[in-house]
Amino acid sequence: MKKILLAILLCVSILFAQHSISGVVQSSKTGKTIPYVNVFLPEQGKGCMTDEDGHFKLSDIPQGKIKIEFSYIGFASQVFSLQLTEDKANLNVKLKPVVLKSPEIIVSGGSYSSQHENAINIETLKPNEIAQSGTPSFTEAISSIAGVDMIAKGSGVGKPVIRGLSMTNILMLNNGVKLENFQFSENHPFLIDEFGIDHIEIIKGPASLLYGSDAVGGVINVVKEKPAPVGKIVGDYNLQTHSNTMGLVSNLGLKGSGESIYWTLRGGIKSHKDYIDGTNNYIPNTRFNTASFKASTGLHNSFGLFRIYYDYNRDKLGMSVPDVLSLIAENDRINEFWYQDLSNHVISTRNTLFLNNYKVDINAAYQMNNRRLQTSNSTPAFELVDMDLNTLSYELKTHLPSSLASEYTVGIQGTYKTNRNHEAPNHVLPDANVSDISAFALMRYGNEEKFHLQTGLRYDHRDVYAETATVIDTNYGNVSASLGATYQLSSSLLLRGNIATAYRTPNLAEMTQNGMHGNRYEIGNIDLKSQRSYETDINAHFHSGWLMVDASAYYHLINNYIYMAPTADTTTGGIDIYQYEQTDASIFGTEFNLAITPWEWLIAEFAYTYTLGQQTDGMYLPFIPQNKLKFDIGLQRSDILFFNKVYVNIGGTYAARQDKPARFETETNPYFVVNAKVGGDIIIKGQPITVSIQANNILNEYYIDHLSTLKGLGYGNLGRNFSFSLILPFTIK
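Count along the sequence shown starting at 1, add 21, and that's the number in the working numbering.
Since the hints were made in silico from the structure, they are not lab data. Glycine is no exception: its CB is placed at the ideal position from the N, C-alpha and C atoms. Among the clues, some could well be false.
[To be verified] In silico lysine-lysine, DSS-like type, Cα no more than 27 Å apart, as pairs:
1. LYS253 to LYS78
2. LYS471 to LYS438
3. LYS86 to LYS471
4. LYS78 to LYS117
5. LYS115 to LYS147
6. LYS245 to LYS78
7. LYS732 to LYS247
8. LYS53 to LYS109
9. LYS109 to LYS247
10. LYS78 to LYS247
11. LYS706 to LYS247
12. LYS706 to LYS732
13. LYS117 to LYS247
14. LYS88 to LYS109
[What the hints assert, rightly or not] The calculated label-pair distances, taken between Cβ atoms and stated as ranges, are:
15. GLU602 to PRO343: 39 to 47 Å
16. SER659 to ASN690: 40 to 48 Å
17. PRO56 to GLU280: 29 to 37 Å
18. ARG678 to ILE290: 33 to 41 Å
19. GLY279 to LYS53: 27 to 35 Å
20. LEU474 to ARG678: 36 to 44 Å
21. ALA625 to PRO56: 25 to 33 Å
22. GLY52 to LYS78: 19 to 27 Å
23. GLY536 to ILE290: 29 to 37 Å
24. ASP452 to ASN540: 34 to 42 Å
25. ASP353 to LEU474: 50 to 58 Å
Taking the hints into account, I'd like the entire structure generated from these sequences.
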């Protein structure tokens, strides 16, 4: 008995042995140590900063394969994979100085890795880049990425478009949790904001292998901010103002970390009046007000990482529709008539167990979403819509024993959704239950940073039950697969290729909708089939000290593409009837990015995107963005007087004429808008305070983007807008 007990204790001690990593971080150019470098273990959720001499130490780390990330402004971020077998490990790191934007560390490709190691094309956007965009809209800030656009009904209601695909072809993830908040229509935005995030990741192309149905067009993953360094309590206050909408954006965050426990708290608001277009006229009822609160806590130790998150968003979004025009007498910020009253609660837990050479992720989330449409007290029902959508999701993922060069992952995912209507008269969607379950396997292989391969297979099954005039009780099942690779041809040239097949089942609205929705009568189609896509893309990336060139081409073949189109019929009241249809279609295009830094103080960036979406009968697809050329030329200095990291930029966007509209769209004229920004850090007693001023559409150009759903009313996009941004970090302990 004693021998058995000793054997058990020995196994436990080996399984949960505590390890530590220490080392020093230097500049590869000068050899000098770098103080205050961020050192982070992404899979363990803990980190620290190097001291004044560039040294770091992290303790209480599990045995086996780990990843460790080093990041510092002005240097290329790096992530290292280590096999911990000894109690103490030493890692000395040399970071490479960069002037151009360096490859980020991403998490959406199935593993923590550099962008250059991932076969999937993933772009990133940092919070400071969102602040410097100068736009009132979170979604519009994301559209600064080449290949990403926005369908918009004003500043507050926007839906992302990735390479010509949108709606339920695009997934939005809140820290890995798939958001479910009635996103089937261009009028229903995702309930999420940029407060308290580390960065945003945009996957371009099919990602159903990783995330299931609805990810045929791409994924936007909003990654939460990292915990505070161990032993610190820190915070930040963020403020933005906008002249065009008299907008105020503000949020405050606090976070702290001990040796084992960490926590975060954050709250924020946005408030905007109706926006003003290039003719200096306000666009009635485009006002919006939002509020959010976020909290999290986590426990990390040598045998596991356990985290709980709570996110709350409350949005009141004005709807600029014909019925409201006679009710709006002045430009204001108060939502009174014809607005969406939306609320979303997300409670999620993300946990990782370190079991010797195995790593097991156990994740779950519960979302409570309510959508109300408030019209006016002159209509028979002021509250026209009142629906609840509740979603339970779960994931069990096992990372099998692997070497430094390989990773193997298997898992299951599932969701259960219920949609329920209350007493409001308009049931846009019926009472229904939808359940999903899937299984997948993923393999990644890397060979000495030269060659990286990623492949996998997935099966999804969906059951749908809906209480319509005829009860719907059906199911769908299908397979997704992907194969991609990157090859480092030289130290400066990277080649990437990817082929994938994905599918999307018809959503509840597409099958069952039957009633007024906005300004039209919409009818679902119970005979819709699953939408199947086949996509291939190639990418070449050249990166040197002063030049970056990135070129991509993609071709997307879609069978049974689902879209909304007008019929020849109208209601008895003369309202146009629209119905969901299907057709075989293709979307293809190119993206080209160029950045030049002939001198350290000058950066010039250019991006061109071309997209064409066409049905097999020669007709064009809806919501295909205009081809656009974007440029940004910036001057930067390390310090001027008491300012640090000073920059002055001028940029703009030229959108070509869209002369290939869908049959219910009209052609859109070209436009050219010019933007500028200036900013930097003010150092007060060693504390940096980041300030910036942005001027968008300086020339006050009157224009209408092809993806604006206000185009039919003749309303232009946002006119001249000056914005001021302030970021104030502070340390309590």
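Evaluated hints:
1. Annotation: proposed proximity of LYS253 to LYS78 holds, straight-line Cα distance about 15 Å (limit 27 Å).
2. Note on LYS471 and LYS438: the hinted pairing is violated, with a Cα-Cα distance of about 44 Å set against a maximum of 27 Å.
3. Restraint check for LYS86 and LYS471: the C-alpha separation of about 20 Å stays at or below 27 Å, so the hint holds.
4. Restraint check: the Cα-Cα separation between LYS78 and LYS117 comes to about 21 Å, which is no more than 27 Å; the hinted pair holds.
5. With a C-alpha separation of about 24 Å, the suggested pairing of LYS115 with LYS147 holds against the 27 Å cut-off.
6. This hinted pair checks out: LYS245 and LYS78 have alpha carbons roughly 24 Å apart, not beyond 27 Å.
7. With a C-alpha separation of about 41 Å, the suggested pairing of LYS732 with LYS247 is violated against the 27 Å cut-off.
8. Restraint check for LYS53 and LYS109: satisfied, since their Cα atoms lie roughly 24 Å apart, inside the 27 Å limit.
9. In summary, the hint linking LYS109 to LYS247 is supported, as the alpha carbons are separated by about 25 Å, within the 27 Å threshold.
10. With a C-alpha separation of about 18 Å, the suggested pair LYS78 and LYS247 falls inside the 27 Å cut-off, and the hint holds.
11. A threshold of 27 Å between alpha carbons decides the hint, and for LYS706 with LYS247 the separation of about 25 Å falls inside it, so the pair holds.
12. The suggested pairing of LYS706 with LYS732 is violated, with an alpha-carbon distance near 51 Å, which exceeds 27 Å.
13. Straight-line distance between C-alpha atoms of LYS117 and LYS247 comes to about 23 Å, which keeps the hinted pair within the 27 Å bound.
14. Straight-line distance between C-alpha atoms of LYS88 and LYS109 comes to about 15 Å, which keeps the hinted pair within the 27 Å bound.
15. Distance hint check for GLU602 and PRO343: the Cβ-Cβ separation is about 25 Å, which falls outside the suggested range of 39 to 47 Å.
16. The beta-carbon spacing between SER659 and ASN690, approximately 43 Å, falls within the hinted interval of 40 to 48 Å.
17. Checking the proposed 29 to 37 Å range against PRO56 and GLU280 shows it is violated: the Cβ atoms sit about 22 Å from each other.
18. For ARG678 and ILE290, the hinted distance range of 33 to 41 Å is satisfied, since their beta carbons lie about 39 Å from each other.
19. Taking 27 to 35 Å as the suggested C-beta distance range, the pair GLY279 and LYS53 conforms, at roughly 32 Å.
20. A beta carbon spacing of about 42 Å between LEU474 and ARG678 agrees with the range 36 to 44 Å that was offered as a hint.
21. Distance hint check for ALA625 and PRO56: the Cβ-Cβ separation is about 32 Å, which falls inside the suggested range of 25 to 33 Å.
22. At roughly 21 Å, the beta carbons of GLY52 and LYS78 sit within the given window of 19 to 27 Å.
23. In this structure, GLY536 and ILE290 meet the distance hint of 29 to 37 Å, their C-beta atoms being roughly 34 Å apart.
24. Between ASP452 and ASN540 the beta carbon distance is about 26 Å. The supplied range of 34 to 42 Å is therefore violated.
25. Remark: the range hint 50 to 58 Å for ASP353 to LEU474 is upheld by a beta-carbon distance near 57 Å.
Comparing the model with each earlier hint shows violations of hints 2, 7, 12, 15, 17, 24; every other hint is respected.
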